[in-house]
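Protein chains in written order, with UniProt numbering: chain D, 1 to 346; chain W, 1 to 157.
FYI, nobody ran anything at the bench for these hints, they're computed from the structure. From the three backbone atoms N, C-alpha and C, an ideal C-beta is built for every residue, glycine too. Careful: at least some of the hints might be erroneous.
To give an idea of the interface, some chain W residues facing chain D are shown, with a C-beta separation under 7 angstroms as derived from the structure [claimed, not checked]: (1) 56; (2) 57; (3) 58; (4) 59.
Here are the simulated SDA-like cross-link-like pairs (lysine to any residue), alpha carbons at most 20 angstroms apart as the crow flies [what the hints assert, rightly or not]: (5) D:297 <-> W:59; (6) D:90 <-> D:204; (7) D:297 <-> W:6; (8) W:108 <-> W:66; (9) D:297 <-> W:32; (10) D:71 <-> D:127; (11) D:297 <-> W:31; (12) W:103 <-> D:278; (13) D:297 <-> W:103.
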Amino acid sequence: MQTPSDGVSTPKSRSSARRSSLFHSSRYPPGTLTSARRRSACRSLSKRKIQQSTTLEEPLDPAKAALLLQKQWTLYSVTPMHKFTYTRLKEYSKHLSAHIAAEKQKGLAVEVGSELTLKATFSCLPGLKGKDRDPLALLIQISSKAPFTKAGTEDRIVWTGLFCGTYTEDDILDMVPQTFTCLPLFLYNGAEALTAIVGTWFQKNFDCCFGKLVISSHDLTWLAVMWTGYEVHGHVPATELIFSVPVEPHMDISYTIHAEDFKALWNDIHKSKDEVTVEEVDHLFQCLYSHFFRHFKIHLSATQLVKVTASVVSAHCEGKVKFLSKDYLIRVLGFITELAVNNIQY
Amino acid sequence: MVGSEEGHRELIANTILRETGAFNVKIHTTSSLPLPFERDHLRPRFDMIVFLINLHSQYSLSNIISSVALMDAYFFLGKVCFLATKGRHKKVQHCLVDISMVKDLADKYLSLLIQAELEDEEDVVWTAKRLLNMLKICAGLVPGMSSLYTGSLLKIV
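Based on the provided sequences and hints, a complete structural model is requested.
Structural data, given as structure tokens:
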């Protein structure tokens, strides 16, 4: 048999293999240290543990928790920070405030009124630890003060940023060297220009990288299944799923399910007490899709899930979340931290 | 060409017809198998089957899985190709179907998997040319090569 002629099979097949490996890395080029771990994480997670509430050394202060609730947070994943110490927070505050003022001088932060002075404050939030080994969460607040106010009036907080690593897995913490602090999740609420300034300051000083964290539709289905049906302020809110249909003109389908019905369906499917498997999640959503199809003759599996509002959290696939309840905050943060860790290439 | 997204099927089919050179290509498109029984005697012999999977849609994957199960084993000797679309990293949050699942499917049926974007003209032409080359081999128009031979090459690449 003759050998294959050029341009038929071998060169083109090689390029298809290259293209498929490009897909796997999604946003970063393939790494070296954790590429093996990442490949196993890319394969759909077969099960996730439902974290039981643990007794922490210091439970979350309600006043601080109120800072986190009911706000729209945008998510980023962060690589570990080099030579960051919790003892020098005051220094960092001064340094960052000076940096912001310098950037304003250059005319970069344009939407903030030019007379306002901005001041950054770093603080720690010990209540956001899932386990003892978790790193301490770091809260940054940028407050503005109009120039001619009386001394003693409260500054208005214009931007809040939070670094945390809740329920970070032990093998990640072991892999990170001693000089690094691993806080893989960054959430911010406020003007994007300020985020850019803070981000570049962190990148310059601590040699870390920020990457936008998007939540895939599959992870949104996990979120919906794991966090529905819990009580918030005495009543159980309904679950709302928003699907985006790929037609012109753009159409969104909003599917609202009563919490009792959802819980009843889930109880029929869910077997083990503290683990959720991917088959159970897919099965539940398959039931929801076939129910919808029976009534409306629309295949929801051909659409994309973009937003989920479960009882304790609401999440959008572009990386925006809103926490609705203090009690389950830590566990939801643990879930999102896991997504952030999977998103990073070391 | 089997796939649930009509737009993609039309796009590739039209491009293939434009790119074809010296020989006649007839393309039959459908959204799922089995093909209706009534016109069976009128159908010509099929040389190659392409399955289109849209990675944004779970529905297209389940559709293809049920279609593939109905196919005759004769086709799997190199005459089947899976084409996965919309897997690009720009929209990864919308990818409901894991690419590894599609790869496992292609491996299970010992067939080639091509990934394409189908957004710009160049990509569509590239895919069409590739499918056309495969079709030439499957139809026996390239001397010295058979589809069985290219099928066996897949394990090496």
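Structure-based check of each hint:
no.	hint	result
1	56	6 angstroms, holds
2	57	4 angstroms, holds
3	58	4 angstroms, holds
4	59	4 angstroms, holds
5	D:297 <-> W:59	13 angstroms, holds
6	D:90 <-> D:204	18 angstroms, holds
7	D:297 <-> W:6	18 angstroms, holds
8	W:108 <-> W:66	14 angstroms, holds
9	D:297 <-> W:32	18 angstroms, holds
10	D:71 <-> D:127	18 angstroms, holds
11	D:297 <-> W:31	17 angstroms, holds
12	W:103 <-> D:278	19 angstroms, holds
13	D:297 <-> W:103	30 angstroms, violated
Violated hint: 13 only; the structure is consistent with all others.
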